[in-house]
Structure formats: C-alpha cells, structure tokens
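Next come the chains, spelled out residue by residue.
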Amino acid sequence: MISPTEPLPVRRDDVTLVDDGHDSLLVISGQTTSHVLNPTARAIWELCDGGTRIDEMVAAICEVFAVSPSAAASDVERTLATLSVADLIVWSGAEVAP
Amino acid sequence: VTTDRVLLAEPRRPHREALVEALSTHPSLQVVATADAAPTVALQAQRTRPQVVLLSPAFNGSFRAVCTSLQRLDPCPRTLAYDASDEPGALLDAIEVGVDGYLTAGTGIDALVQGAQAVARGEALVPPTMLGPLLRGLIDRQRRAAGAAARLDKLTRREREVLGHLVEGLDQQQIASRLHIAPDTARTHVQRVLRKLEVHSRLEAVSLVARLDAVEQLGRAVERNVP
Numbered sequence: 001m002i003s004p005t006e007p008l009p010v011r012r013d014d015v016t017l018v019d020d021g022h023d024s025l026l027v028i029s030g031q032t033t034s035h036v037l038n039p040t041a042r043a044i045w046e047l048c049d050g051g052t053r054i055d056e057m058v059a060a061i062c063e064v065f066a067v068s069p070s071a072a073a074s075d076v077e078r079t080l081a082t083l084s085v086a087d088l089i090v091w092s093g094a095e096v097a098p
Numbered sequence: 001v002t003t004d005r006v007l008l009a010e011p012r013r014p015h016r017e018a019l020v021e022a023l024s025t026h027p028s029l030q031v032v033a034t035a036d037a038a039p040t041v042a043l044q045a046q047r048t049r050p051q052v053v054l055l056s057p058a059f060n061g062s063f064r065a066v067c068t069s070l071q072r073l074d075p076c077p078r079t080l081a082y083d084a085s086d087e088p089g090a091l092l093d094a095i096e097v098g099v100d101g102y103l104t105a106g107t108g109i110d111a112l113v114q115g116a117q118a119v120a121r122g123e124a125l126v127p128p129t130m131l132g133p134l135l136r137g138l139i140d141r142q143r144r145a146a147g148a149a150a151r152l153d154k155l156t157r158r159e160r161e162v163l164g165h166l167v168e169g170l171d172q173q174q175i176a177s178r179l180h181i182a183p184d185t186a187r188t189h190v191q192r193v194l195r196k197l198e199v200h201s202r203l204e205a206v207s208l209v210a211r212l213d214a215v216e217q218l219g220r221a222v223e224r225n226v227p
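Line order of the protein sequences matches chains L and Z.
The first sequence begins at 1 in the working numbering and counts up by one.
The second sequence begins at 1 in the working numbering and counts up by one.
The hints are simulated quantities; they were obtained by calculation from the structure and are not laboratory data.
Wrong hints could be hidden among the right ones.
Derived Cβ-Cβ restraints for the label pairs, each shown as a range [what the hints assert, rightly or not]:
1) L:Glu77 x Z:Asn60: 37 to 43 angstroms
2) L:Glu77 x Z:Asp93: 28 to 34 angstroms
3) L:Gly21 x Z:Gln191: 52 to 58 angstroms
4) L:Ser70 x Z:Arg72: 28 to 34 angstroms
5) L:Ser70 x Z:Ser207: 30 to 36 angstroms
6) Z:Arg144 x L:Gly21: 31 to 37 angstroms
7) L:Gly30 x Z:Pro128: 26 to 32 angstroms
8) L:Gly51 x Z:Thr68: 30 to 36 angstroms
9) Z:Leu43 x L:Val27: 49 to 55 angstroms
10) L:Gly51 x Z:Gln30: 44 to 50 angstroms
Please read these numbers as outputs of a predicted model, since none were measured by experiment.
Ideal placement from N, C-alpha and C gives every residue a C-beta, glycine not left out.
Isolated chain Z (complex conformation) (with noise of 0.2 angstroms):
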C-alpha cells in the first residue's frame, strides 16, 4: 500500500485539528505538515514536498494567491480544494486557478482520503453533476475571451501603443509626452481604443488586457515604435 503524503491548508484550528485525527486513522495518507494562514501554504509545501495540498475553502479571499503560490513551485503539489461551494462560479474560480480536484461541503472522510489518492495519481476530480455546468462555464469563459480579442485586433498600431501605455498606469497627458503628440490627439486615441474595445473606462481596458494576458503583444507594439 502506497502512502501519499499531504498538506494540510486549513485555518480553523477545530477543522483542522479534527481533520488530523481523522486522517491519522487511514495508513494511505500522512500528514506531513498543516498550515493554518495563508503566506504559510506554500513555506510549508517547499518544505514538506507533499504529493497534495488539501485546501480549506476558509482561506476565502486568500484562496486564489494561495493557488498561486503553489503553482510557483518545483515540484508543484496538486491540489485538492474540500467542504467546498456547490455553485458552479466557484468551481469554474477553482479549476482557472489550478486546483486539480473539488470535493463540496458535506463529503465525508473516506471520500476526502480516496480524493487525495486520486488527485496524488493525477487525476481531475469534479462532483460528477457539476460537470457539466463546469464545461458550459469554461466555453462561455472562452467565448467571452475570444470576442475580446477580436476586439482587440481591430486597434491600429498606435491605439495599441495608446492602450500599452494605459496598461502601463500613464495618463492623457503622460502619454501624449510619450507619444510626441497633441494631449487632445492622446484623448481621442483613448477614447477610440474605449469604443472598440466595447469598454466604459481605462481600468476597464487595462483589466481586459491583464485577462487576455496580452499586455506583452501591446508591449512589442511599442517597442518597435522606439526610434
């Protein structure tokens, strides 16, 4: 019999400690450290090297950058997110932010453990009813992407220049000193990459760039501007 070895991510001390003892009853997983805050996820995991992170759904607002600092790892633990929502927004917030299985709220030890192993041999665990809305989630995610990136590729050269400097935190008139341009030619570049952009505001803009993760494309745009 195999022993997977895990870490356990949860900040309720009486969860956390009865999830210990609960786990310390099945010789297929040890748990070979727990964390209780946040920054401390991803200390404990480089070293401790577990095969599985069991993440606590009370990291709340801090679960995202808990995913995050795992994934910057080497090995990079899976992930496996417990007494988790059943809504599929916060599933479909769990999968793009990496974590590799989600069991909801109510799941009990014996299917925790068998989760883990699951997770520990590579495999994606999804409540098999929430599939479905899981997938239609990611395509209208999709969707919703590669119509802002259509929009996008309709900006000239010097709207993207216009919209890099945006994302760069300049403003009107900055980037009319940038560009060696006029601060009204600089307002109506702005105002056009807003309207093709289909957006009501800069942040707007910028925040649609950093989801296509495109702000190195514009960044080569004005790169080549250079003189």
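Next up, chain L with everything else stripped away, as it sits in the complex (with noise of 0.2 angstroms):
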C-alpha cells in the first residue's frame, strides 16, 4: 500500500535512455550533456515510476544480489539522490522545474 503522503521517485518525462551496446546513457531534452548509468543504476532509474516504493526496489535487489537489506539500501538511496541532483528524476508531489 502505498502511503498518500510518501514520495516517490519518477523518471522525467522528457528524459530519454540511450543503449548503444556498451553504456546507458541518459540525455534530457534540449540539453548536450548526457549521464551514463551503471547497470544498477539504470535498473533503479526504470524503477522509478512513480508507484514503486524504495523498500520495494531494496527488497528486490537483495533477492538478486547477494548483499545485506541494509547495503542495498544505503546504495539505492544514493543512487536516487544522484539522479535527482541531476535532475533525472523527480519526486512524486513535487514540480517538475520549467
């Protein structure tokens, strides 16, 4: 169950992946620069859909990795404060800026 008041992270609109085979690259529109995401970090990034809780995405990643609760946690928290400087992401309930 989601919580009304939780935020959660979405990926902007007008942000698009690039796969070019080797690295993912993420480019927002009418910006040169682009990020270039680790596996996980992309894994995270399609995750956030605004419906997905990160105790949700943490859980997951433990089933697959082999890494404690509370690693998984800390990284995927640090993974989401990096695309959200980048403004990658935003959260749920907050304004996307112009």
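Put the two chains together into one complex, using the hints given.
The structure is reproduced here in structure tokens:
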C-alpha cells in the first residue's frame, strides 16, 4: 500500500534512455550533456515510475544480489540522490522545473 | 591463476562436446564432469564438488527440478545458466529457482568463462539490460504475494482449518467428518474460503497456499484445535 504522503521517485518525461550496446546514457531533452549509468543505476532509474516504493526496490535488489538489506538500501538511496541531483528524476508531489 | 572447477550440465551431445573442447583451452576453468540428463546433474555435483554448475536451457521442463536438487547439496554449488532466453519471464523464473548467473544466447565462450569466474567468486550475474525488468518482475511478485497473504489473514480460525484440510486433499465429506460438522456446513466454509481468497476453485486455493509457503501456518491452526 502506498502512503499518500510518501514521496516516490518518478522518471522525468523529457529524459530519454540511449543504449549504445556498451553504456546506458540518459539525456535530458534540449540539453547536450548526457549521464552514463551503470547497470544497477539504470535498473533503479527504470523502476522510478511514481508507484514503486524504495523498500520494494531494496527487497528486489536483495533477492538478486547477495547483499544485506542495509547495504542495498544505502546503494538505492545514494543512486536516487544522484539521479535527483542530476535532474533525471523528480519526486511525486514535487513540481518539475520548467 | 586460480582454476575454478565446473560441472557442465548439457543434454545436447554436440553442444556438450563442443563446450568441453572450448573450455579446455581456458586454464582458469576445469571441467571436472559433465551431465547429460536432469537426474544425473546433482549426482555428478555431489561426486565431483564443482564450484559452478553450467546449466543448459535444454533441460526445459526439468530445469526447476535440476536447480532444486542442486540446492539440496552441501556444499551447494553456484549455478550459471547459459545460452538462456532473453525473455524477462525466463530470467525471473531462473532467479526464483536460485540461479546465480544468467547469460543469454549468443554469449561467446570468453564471456561464459568470465561469467563462470564471476559466479564462482560469489557475484550475481544478470544481463545489464534485463536487470530493470527483472527487478520489476520481482516487485510485482512480492506485491501479489503480499496481497494473497493479506487475503489469507482474513480467514477465521475455522476457515483456516478447512483450508488446511483442502491442502491435505480432503473432500467436502471428509472435511465434515474430520471437523464433526454437517457436510452442508463444510460446503459453506469452503465457499467462504474461496470467496475470501478470491480464487475460483479448491485447486487454486491450494496452489495459493503453496505459493505463499503457508502450509505450516495452516497446520498449526489445525493442531491447536485437536482435542
């Protein structure tokens, strides 16, 4: 159950994923810079649909990788913080910068 | 240079022979045994104690059974599925049965060697572009399980007992007899159980309990009621 007050990460509509076979790049429409993602960061970005909670992301990562929940939570939170600072995601309930 | 011991589980003879030959040129891997049929995989693993079992997709319907039999071993070898489907559902199934590494069809021999080494080191190996869909699949499954568990929680103690007996395979008459109630009452309980679990048949209810691994929970409910 999603709490109505819990902010959830959302991919920005104007961000495009480009996969050149080696790297995954995120490009914001109208900008010339791109952001290279490692596979886990890309997967986390793909999960940012505005309906997926962070604890769900952490549980799924723990199921695939042999990492502790605390280590997975730390990685997910750090990745989301990086994506957020780079303006690649917004948080549900927050205004998207024009 | 360390050498990782691998067991090659491949039922297709031409593939098996070609892989053994190709892997023999890599000093970092040693093929300690091969297995050509599902029932022999765990036996060979028990006998030769490989670090990694390379699993062919050609086991098809036996793939799950092979993985389960390997997980019962002590020590339990790591597993790498190779030449596997690029369908996200197939990867999800593989992860659910405990596969540690997954390489899709078209992966070259060098990547297979590197993958086996990574898996031997304890790493999980998933094709990068498939990781997102895999995590999504796991989250969806977790949500379905949580929903089903919540429905199970709605059952009364009596309904749990009835469900426990359904899981045992008892029919309506036998449930009535076991619980010392009228057959019509047993039928009413069964109908309520199905409605609360939001399933359409007894088989579906039993399957749901199995998926949630909740048989023991129901068993305790039944035990508590034994005079």
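Hints, verified against the model:
Our hint of 37 to 43 angstroms for Glu77 of chain L and Asn60 of chain Z holds, since their Cβ atoms are close to 41 angstroms apart. At roughly 30 angstroms, the beta-carbon separation of Glu77 of chain L and Asp93 of chain Z lies within the given 28 to 34 angstroms, and the hint holds. The supplied range of 52 to 58 angstroms is met by Gly21 of chain L and Gln191 of chain Z, whose beta-carbon atoms lie about 56 angstroms from each other. One distance hint, 28 to 34 angstroms for the beta-carbon pair Ser70 of chain L and Arg72 of chain Z, holds here, with the actual separation near 30 angstroms.
Hint check: Ser70 of chain L to Ser207 of chain Z, Cβ distance near 35 angstroms, so the stated range 30 to 36 angstroms holds. Checked against the hint of 31 to 37 angstroms, the C-beta distance between Arg144 of chain Z and Gly21 of chain L comes to roughly 34 angstroms, which is consistent with it. Checked against the given bound of 26 to 32 angstroms, the beta carbons of Gly30 of chain L and Pro128 of chain Z, roughly 27 angstroms apart, stay inside it. Restraint check, Gly51 of chain L to Thr68 of chain Z: a C-beta distance of roughly 33 angstroms satisfies the suggested window 30 to 36 angstroms.
Between Leu43 of chain Z and Val27 of chain L the C-beta distance comes to about 53 angstroms, which sits within the given range of 49 to 55 angstroms. At about 48 angstroms, the beta-carbon gap between Gly51 of chain L and Gln30 of chain Z stays in the expected band of 44 to 50 angstroms.
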